[in-house]
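Make a model of the complete structure from these sequences and hints.
There are 2 protein chains.
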Amino acid sequence: MSTPAPFVQPSDKSNIRANRLTTIFSHLRTRPKIVITRYLGPEASALVTHKHSYEVVQWPEDRSCERDWIIKNVPGASALVVTVVDKIDAEVLDAAGDSLRVVSTMSVGYEHLDVHAIASRGIKIGYTPEVLTDAVADIAVMLALMAGRNVRETMQIVDQGRWPDFSWAPFLFCGPQLGSSPVSPKRIAGFIGFGRISQATLARLIPFGVTGCLYTGNPQSEPNIDRDEALRQKLGLETLRRVDLDELARESDTIFVLAPGGPSTYHIVDETFLRKMKKTSILVNAARGSLVDSDALAKALREKWIWGAGIDVVEGEPNVAHDHPLVKEPRCVVIPHIGSATTETRVGMATLAIENAIATLTNQPMPKELRL
Amino acid sequence: MSTPAPFVQPSDKSNIRANRLTTIFSHLRTRPKIVITRYLGPEASALVTHKHSYEVVQWPEDRSCERDWIIKNVPGASALVVTVVDKIDAEVLDAAGDSLRVVSTMSVGYEHLDVHAIASRGIKIGYTPEVLTDAVADIAVMLALMAGRNVRETMQIVDQGRWPDFSWAPFLFCGPQLGSSPVSPKRIAGFIGFGRISQATLARLIPFGVTGCLYTGNPQSEPNIDRDEALRQKLGLETLRRVDLDELARESDTIFVLAPGGPSTYHIVDETFLRKMKKTSILVNAARGSLVDSDALAKALREKWIWGAGIDVVEGEPNVAHDHPLVKEPRCVVIPHIGSATTETRVGMATLAIENAIATLTNQPMPKELRL
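Top line first, the protein sequences correspond to chains D and U. Sequential numbering from 1 applies to the first sequence in the UniProt record's numbering. Sequential numbering from 1 applies to the second sequence in the UniProt record's numbering.
Rather than coming from a laboratory, the hints here were simulated on the basis of the structure. Every value quoted in this text rests on a predicted model; they were computed, and no experiment measured them. Cβ atoms here follow ideal geometry from the backbone N, Cα and C, with glycine treated the same way. It is possible that part of the hints are untrue.
Unchecked claim - Derived pair list, reagent style EDC-like, types lysine to aspartate or glutamate, alpha-carbon separation capped at 16 angstroms:
1) U:Lys186 to U:Glu238
2) U:Lys278 to U:Asp246
3) D:Lys328 to U:Asp159
4) D:Lys276 to D:Glu315
5) U:Lys276 to U:Asp293
6) U:Lys328 to D:Asp159
Said to hold, decoys possible - Pair ranges (Cβ atoms, derived):
7) D:Ser167 to U:Lys72: 17 to 23 angstroms
8) D:Trp69 to U:Lys186: 37 to 43 angstroms
9) D:Glu229 to U:Asn363: 48 to 54 angstroms
Claimed, not checked - To give an idea of the interface, some chain U residues facing chain D are shown, with a C-beta separation under 10 angstroms as derived from the structure:
10) Ala44
11) Ile139
12) Met142
13) Leu145
14) Asp159
15) Arg162
16) Leu361
Shown next, in the form of structure tokens:
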């Protein structure tokens, strides 16, 4: 799946053959052109190649697409399928011209798209929400467990051959338990943001013995008390409530950051927030790096305001050096933004990105259209 | 909790004072003596000190108890409370003499006790099962997620400052998803052993999207089809069946080793078993190292017969060097037997160990008596 197998390379033999076929079969001359900035795997490829209705032009290399390649190949395209590394702005849209009907991104985020420039030209936008909910919720639970159970420190002990130096002791390597126990009968999961991924994470936590849920919502939205009570009953929780950040920090045993990025959530987890958290609590960020102040979190871990942290995203990623303040903290598990990185999820995202493009070209409703 | 605070040290001033008090208050002379081989935390200590009914003699240092200390202090003891590192055999029992009524271990395993020598003298045995079920089931799920999502490799990339070398790609860092998805609608969890910890692990896996369960049982026990069907329905699984090792290996996506150690399960996961497993499957061992042939597992990972492994226990632990075949495999997560290492669980185990001893001394039924 990792080997690129481009359908049509702009200057190779198959393209020359395709051009000859276009000359022979004149109806093929009107095939809509789909420009794809990356090989998206055999499943997604099959969707466009099996139809024989499109001229598919795809970046042929196994690395990020070059902007120049897009500018050169996008003229006359009806659909442009991109990934998070491709910046799609007015320059690209100008190069594409009037033929472009849809920009489809294989991602749930769309910070890389100038959505207003796209929409103002009447071009539709496809994206891939929901598909990655399960994969990200899995990572959120994994990070909570790893941070609570001191896994970075203990793995390092094994990796360095120091296990023989540690003989069993009643409280050796101990951390707080994720769920409730006779010793701690209440265990509260807190969520910053309470969308699909938060709710999928909460559902996973129930059999671990979490007894309550607190969350903060978008201040612009109204609380939904009936929904909360129905969900509380369905999950068998003692409590499920929307609260303010202050109460969330004070009362939660594990806090999951799972809200969108952007200015309104910038550094929502800062020194003030972290100082209010319990000494035995865990912070997980599987959303966007910008929500957490890295320096404040490193200080919180160093000075033991909280127990540990598990983060899949870091502000400024991927430029995270080995001496980054969070990488240096033994109680901080840092993984390189692999939240949605399961083969099944990425196949699902790639397939949906192609489906969004084809739906537009065949005048069908787009499975997942981004509406501004 | 980690600082030792001995109740009575055999040769210190408080002991001298205690001896004087014994002389003054003659009824104290008959207090039953409890010998404890390790400081077990404030909660367990409170149980014995608050009662004022016992002479408590406890190993005073923050390291494993020396055998000589036990031999010297156990004479005349009514109860002996030990941990997994204390070998209790005929020599210790001879030293204890006729007064010893109970050996209580703060552990679920009892390989360190000569149980037949103990029982043949009419001495009861206490242990601490069940208390650690949740903590170990948590670790089992964590290891399954870590192994599937390539966490050892990806953490290392971040730790070494190599994250900037990796730009986003559709299938970068991808591994198999734990639960089902439209791409893979069936996901089977397999269990070697299907006791409390396996069932607690299975319950946790349901919201992750596991759709079926296969397990192997003790060949001496009868299948329990009615129990299985009731459990299948309760958990909403498509299938839940006892199978043989061959079918378990072939059909499972994740296999959890959670059976007792000993000769009957020695190297139950060997080369033959591993060769039958799926290429995308995960092996988790959170039971005993002896169940898995380490060399065969290292070969399976190196030659990619399976996707990855997560192990909390290794044969020969803690003597596991940095160049151990499993530590050398990047697809093998190895942690140093921390399955039950949550503060809450260890407090619960320590408390139960003391309660087992006190129950015997007060002629009450022992909360958890080991019956051979």
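Tested hints:
no., hint, verdict
1, U:Lys186 to U:Glu238, "holds, 9 angstroms"
2, U:Lys278 to U:Asp246, "holds, 12 angstroms"
3, D:Lys328 to U:Asp159, "holds, 8 angstroms"
4, D:Lys276 to D:Glu315, "violated, 22 angstroms"
5, U:Lys276 to U:Asp293, "holds, 15 angstroms"
6, U:Lys328 to D:Asp159, "holds, 8 angstroms"
7, D:Ser167 to U:Lys72: 17 to 23 angstroms, "holds, 21 angstroms"
8, D:Trp69 to U:Lys186: 37 to 43 angstroms, "holds, 40 angstroms"
9, D:Glu229 to U:Asn363: 48 to 54 angstroms, "holds, 50 angstroms"
10, Ala44, "holds, 8 angstroms"
11, Ile139, "holds, 7 angstroms"
12, Met142, "holds, 4 angstroms"
13, Leu145, "holds, 4 angstroms"
14, Asp159, "holds, 6 angstroms"
15, Arg162, "holds, 8 angstroms"
16, Leu361, "violated, 21 angstroms"
Checked against the numbered hints given earlier, this structure breaks hints 4 and 16; the rest are met.
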